[in-house]
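The listed protein sequences derive, respectively, from chains A and B.
Counting from 1, one number per residue, gives the positions in the first sequence under the numbering used here.
Counting from 1001, one number per residue, gives the positions in the second sequence under the numbering used here.
Hint data in this document are derived by calculation from the structure and do not stem from the laboratory.
This list has only true hints and no planted wrong ones.
Looking from chain A toward chain B, a few residues come up when the C-beta cut is under 7 Å (computed):
(1) V70
(2) T87
(3) G89
Positions of the beta carbon are idealized from the N, C-alpha and C atoms, including for glycine.
What follows is each chain in one-letter form.
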Amino acid sequence: MTTADLGLPGHFAESHGGIDLVPTSDAPQNAKEYSSDQEVRWCPGCGDYAVLKAVQGFLPDLGLRRENIVFISGIGCSSRFPYYLDTYGMHSIHGRAPSIATGIATARPDLSVWVVTGDGDALSIGGNHLIHALRRNVNMTILLFNNRIYGLTKGQYSPTSEAGKVTKSTPVGSVDHPFNPVSLALGAEATFVARTVDSDRKHLTSVLSAAAAHRGTSLVEIYQNCPIFNDGAFDDLKGPDTKADAIIPLIHGEPIRFGKDREKGLVRDTAPGGTGGVKVVPVAEAGEEAILVHDAHNPDPTTAFAISRLTDAGVLHQSPIGIFRQVERPTYDDLARAQVATAQQPTEGDAPAPEDRLAALLGAGDTWTVL
Amino acid sequence: MPKQVQQLDRVIIRFAGDSGDGMQLTGDRFTQESAVFGNDLVTLPNFPAEIRAPQGTLPGVSSFQVHIADHDILTPGDAPDVLVAMNPAALKANLGDLPKGAAIIVDTHDFTPRNLQKAGYAESPLPGDSADPAGAADSPLADYQVHTLDLTGMTVEAVKEFGLSRKDAARAKNMFALGLVSWMYGRPTEPTTAFLEKRFAKVPPIRDANIAAFTAGWNFGETTEAFVSSYEIKPAPMAPGTYRNITGNLALAYGIVAAGVRSGLPVFLGSYPITPASDILHELSKHKAFGVTTFQAEDEIAGIGGAIGAAFAGSLGVTTTSGPGIALKSESIGLAVMTELPLVVVDVQRGGPSTGLPTKTEQADLLQAMYGRNGEAPVPIVAPASPGDCFDAALEAARIAITYRTPVMLLSDGYLANGSEPWRIPEISELPSIDPAFATGPNHASAGAGSDEQDSFWPYLRDEQTLARPWAVPGTPGLEHRIGGLEKGDGHGNISYDPANHDLMVRTRAAKVARVADSLPPLEIDDPSGQARVLVVGWGSTYGPIGAAIRQVRKAGYHVAQVHLRHLNPFPNDLGEILTAYDKVLVPEMNLGQLSQLLRARYLVDAIGFNVVRGLPIKAAELAEVIGQLVAAAEGVIVDLSTAPDEEARS
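Sequences are here, hints too, so could you generate the full structure?
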């Protein structure tokens, strides 16, 4: 077997942002223009409202032509999202949105492509498509609404529900071990992995901005409260008394510290008998210089993975929030388009008309003529 | 002294060996030589699903049958006149298909006790090897003309100057055999020499050894006393034009490329490798210069998902697979039905159910194509009749998909995919042009604020003639809209759970597919005498065997009519009338009666099935007998086909 040098010609070789090839709008835009005429039908108090508002408020800031934005979703509560945005959109089938978005992003460099999915849609039925989109690094942004429950089917446990969870389908407790979506994405070598919370609009918007600007697949896990079937799942991250101890904020270039007085910090757990990963220690004991400085651009995902393991697998009392990883790698769609563009370049002069080239193709090889 | 040359009107040759012996290549080269020579031909490759099944065993036997003639033929032939067997297993596996008197060329080199045992021979069946010469008459080969030759030994001898290992030297034995058979039938040698030079350009010793073995095989035929004569099969008269030999998968891939050119759309193929469809993916991946993008997806579902996404974005979306892949894609096909996006879904059918017979042919996915989805989800179905016809069928599938904004199922099969025939290369101007007719602006005036009317875009407002909805691609300003798998309101396309609307939409989707029939030409009825009372209705790759069987029945002096269906959904408008015009309707299929069932349900006609599911094309002679019985019953005459020349003889 041989491998080919993918050496990219022209602008494909230059690294550029996630939306650099999407046409921009001259006129200023507002959130209203991005709201469709359809009535929003989520349950009162659903975290999806906050995310929708944040996205409708944030999209105008991108300054793109509205017709060049496409939202694709799968099945589930969050997957109704595209109906409420006045862009192009498709509410597809369960779990398959990343594959459909891959086709769109590969066919069209001039579109800003978004996937809206949930923990059941992305991690259960669509798990395969998710990990392959991440490894391919197709230029799209995936918003993974994680409420740790199945909402639309009325309350069964999901692949992110904590073990032991009592639900309609697990009356004596779930025996399933949950996925940590960030760990999964890092394991699939995603180039952009972040986590945010539905109720923190400022943080949500800043993460979405970074995700949109990233060229490649951006995975944004959004902790989203389901008030009907899993209410309060993220309360510790939101409560005024608890959140300082629950949220481990990740800011590139800054020491990772948290707690009311930022008295806790992360250090590498490399001493004999340690995990080899990272652990939480009192800053006073470890010393400020020992605290790990967050490096989202580290080409090696090992440390980001170690940080992701500080997320509680059970009931959530502690979770790192922010951009875990943001690195550059050529995208699948840019490479695929570059191969097509290279093949379309005539070897010399002007390319013959497609009809003439088709005639040449059909008439190639061993032929004979009957008069 | 030059040898005698005998004239033949046709011959059926089968090359058989171990799956590593290069029999497919040998058969393919002989076919190309015959095509360039101008014979009509039909081929039947037959190989195991395992890449290298245990060497020397019966399951590991791979064969390639080619039928060449100086006249128009329709099938690869029921029984070979000549068998080239490279080892004991190849001999044993194929002997049962040979008629008495057939010629067998055997490479004796592998007739060792161990290989004989692997093939299940207690002792060598070859004449002269028997311990008891008196028992030669009982030999399994007594009824055949057997030529025993040490092909491997002669090959090793012929290539020794190139310094190859013994193993590499022996591997050129297929080219020695090809050279010998090429001499026997007076085939041109230049195409194969040129082919070998190109194929092995990077490894000169292998290149030179293969060419030397090929030449040595030819020369051996010319000089040996083992063969007293060679044969000549003159070129077949064909309609004027330029021809090439083509397999169904290649023709289908070219048809997709042509559909891209004729519609002006970029082509996006989303596919997952599966036998026997993978060659379409391989071929299309070479045609990026035509704006073809190929996406080898993580699974069958992602393959069609990518194609649906690309279709939404304005490409000609295509997905290629076989029956098991269609099963996986079913939900996605339903999505394309609901979102009414153009999509070509290629099913190269193979033996089923489940993994079934991956390398063998079957037609048992018709009902899956027709009904294999939840809900009322009609999909137009197109089926090619021959390898070359895969080109036109692919263009037709694309025409329907784009014109009617619908997924279209294109049902090829393993026999068409790998089989080949001479194909007249069409002029590009003969090909249909396809207009994507993208939506460019608003199509509806809605009430706006106050009394003003506002221009808006309704994604489900339909063309009155075709019932197709507008195709508005992202990037078109003012036409932003959302589609999806939930039921859509008529016209505006917003989610609707209204009972009457659902009833209307279900009926409208069905009516749209039914309207495809209005765009079809009248069926061609082949009933030369006009006196036939038996009609044979077929679809897909049974076209060849049905045609050959009908010729045999007619040559014997009886009347029978034929109609072959390219469109299985919707049926052509004139089909019902045609069916009722005959007393008996016979439907031969490589399944248990799927088209029969559809015809019975739709037209209340007493369709009689002739159903064979052996993983191989229907044998024309068997079918001719069945037709004969029906003619006898319908006309009250005694039918005797034994006096007729066989089914593929020259008229």
